[in-house]
Amino acid sequence: MEQTKKGFLASFLDGLYFNNPVLSLFLGLTLAVLATTRFQTALCVGLLTLVILFLSVLAVSLCHSFLNKIGATIFAAIISACLSTLTVLLLVAYAPKLIDADNEKALALLTLVPFISVTSLVLVKGQESLDHTLEDNLGDALGSGIGFLLALVVIGFVRELLATGSITFTALDGTASTWTAWKGWTLSILAQPFGGFFLVAIFSGIHLTIIEMKKHKAPVAEEAK
Amino acid sequence: MQFLGVLLSSFFAHSLVLSGYGFRQNASLGARKTKYRWILLSFYFVEALILGFAGWGFRSLAANQEMWTYLTPLFSVLIMALCLGGFALLAHFCFPEQIKTDLADSYIEIGLNSSLLALVIVLLSYEAGTDATILVGSIICLPLGYLAASYATGAVLDRLSFAPASGPSRLATMPLLLLSIAGLCLGCWMMTF
Amino acid sequence: MNSIGKTTLVCCLAAVAAVGVTVGVYYGVTAPAIAARVPSGDAVTPEIAALFAEDHPTGVTQFLDGSNDGSKALLLSGYRVYLEDTSVKAFYYRCRSEQGFGGKVTFDIGIKNDVVAYYSFVKSTEDEQGTNWARTTKDFIGYDGSYEVVATGATVEETPGAMQSAVDAALKDAKGRE
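Chains as they are written, first to last, in my numbering: chain A, 1 to 225; chain B, 1 to 193; chain C, 1 to 178.
Simulated from the structure, these hints should not be mistaken for lab results. One should not assume that every hint holds.
What the hints assert, rightly or not - If we take Cβ atoms under 10 Å as the criterion, some of the chain B residues that face chain A in the derived model are:
#	residue
1	T72
2	L116
3	L117
Every residue gets a Cβ at the ideal spot worked out from N, C-alpha and C, and that includes glycine.
Between the sequences and the hints, there should be enough to build the whole structure, so can you do that?
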């Protein structure tokens, strides 16, 4: 299969900002809507997705000569399903109080982490990695993963702050500490899926506007020269 | 009556799309106004039924063996992969060229879908002793609600593509679609039956 | 082998590896960790809960019942006590000393890792004489059977020795148990 080459840094920046997976390409929307109810959940899910995305793309890139488009998607899904299940098993073994369903301050990682296995982010990047070199794929995976993490963290921070007026951190032993920004003025409806769709739309709109404005300014600047 | 309640809830408060699962695939399903779109809809529904009954089986296994509670998502993804692979082979060897061209690779993202995994997890989350009517109702009605939502997202996407682009061009599509779905969520979130 | 064959082979191998690794991690890591956390035995009795309050007992298993009450036996009842800290081997015994100046003294001891950690007086067959020491002593806490517990005074001389025999019997019994 013919592969195009862009370079590690170009691919990294492309994945991180210009084609940010959530804000530009709208990949991983399920995770973006569900994992951003709390800042800490968004951080954990973002980090896990970064690792799983990187390893899945690496695995597909190494086996690219044996895989066609459908095979690459299925292979990426199996690798990420295995990794996300391993994560769940390790969480249950070593951090049970962090994910304990009876503790209302616990993180809902047990239900969210399995969705990393079928997120369009991993599947589409796995599919696309057939058409690029290993170097480009790793740069893109790293950039997209970090871009995804940053987007989730920002949306999660704003969403939790507006919904509850505070940010709650849960330690490994299940105890929670809260930083309260303000009291009283909260929009608890933002904790529902509505809040996820709404904030993703707002942030992606802002992101795309900034990119479009820079694109329009660039030809004008060239003409002025 | 229970079945009717589950059916109506699957279209509103408990809709898979409005809960946030498989939104992108739903939008692409809705946007495809092709002649053989019904094949994609049928493929999704049949796959959802297979996964639904498999999820029921996992639920029974998980009641006796804790391992199945944690390994169910992995086995669900493997079943999705099998269904997708089977459909791909069917398309490759049996479908005429016209249908193959029409469908292209669109069935890949429909086959590996967050909403299907969500269906299995919803079945696992029902308490022990839940009536079989509710389980069967969920297996049949949640996918129907997902497919019905694709008509809504498709209709909104159509409208957006006809709207005059007064701002940056890309703002006319996905962000506005997300805002519309957010509005739908808000309207439907208390509508359980 | 054509493209479909190669893809199918790779995906099947990946699926087998994925299932194998996850099942292996479940049985090797997660299941043992869950088993270690699940409290063993029966519900904690009030006496044991009070004696081991600082250690948060999670369950008990009785191996000696109270059927020795009528006889001269030194150990009336014995329980294996499961604590939150699973590395500690803990036992509870209700002991009864043979006739000392204070009569037969019934008392509870809590043993942690072969050392007496807790002591609680229950009752005595004598009303007052020689029992004041038994009620208030802390001499058994930290006792591991390697020295004599002695108290001086006309009315208590024989009591510690009699009680120590019962404690020694408990320590010896606990050493032989899992």
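Numbers of unmet hints, in rising order: none
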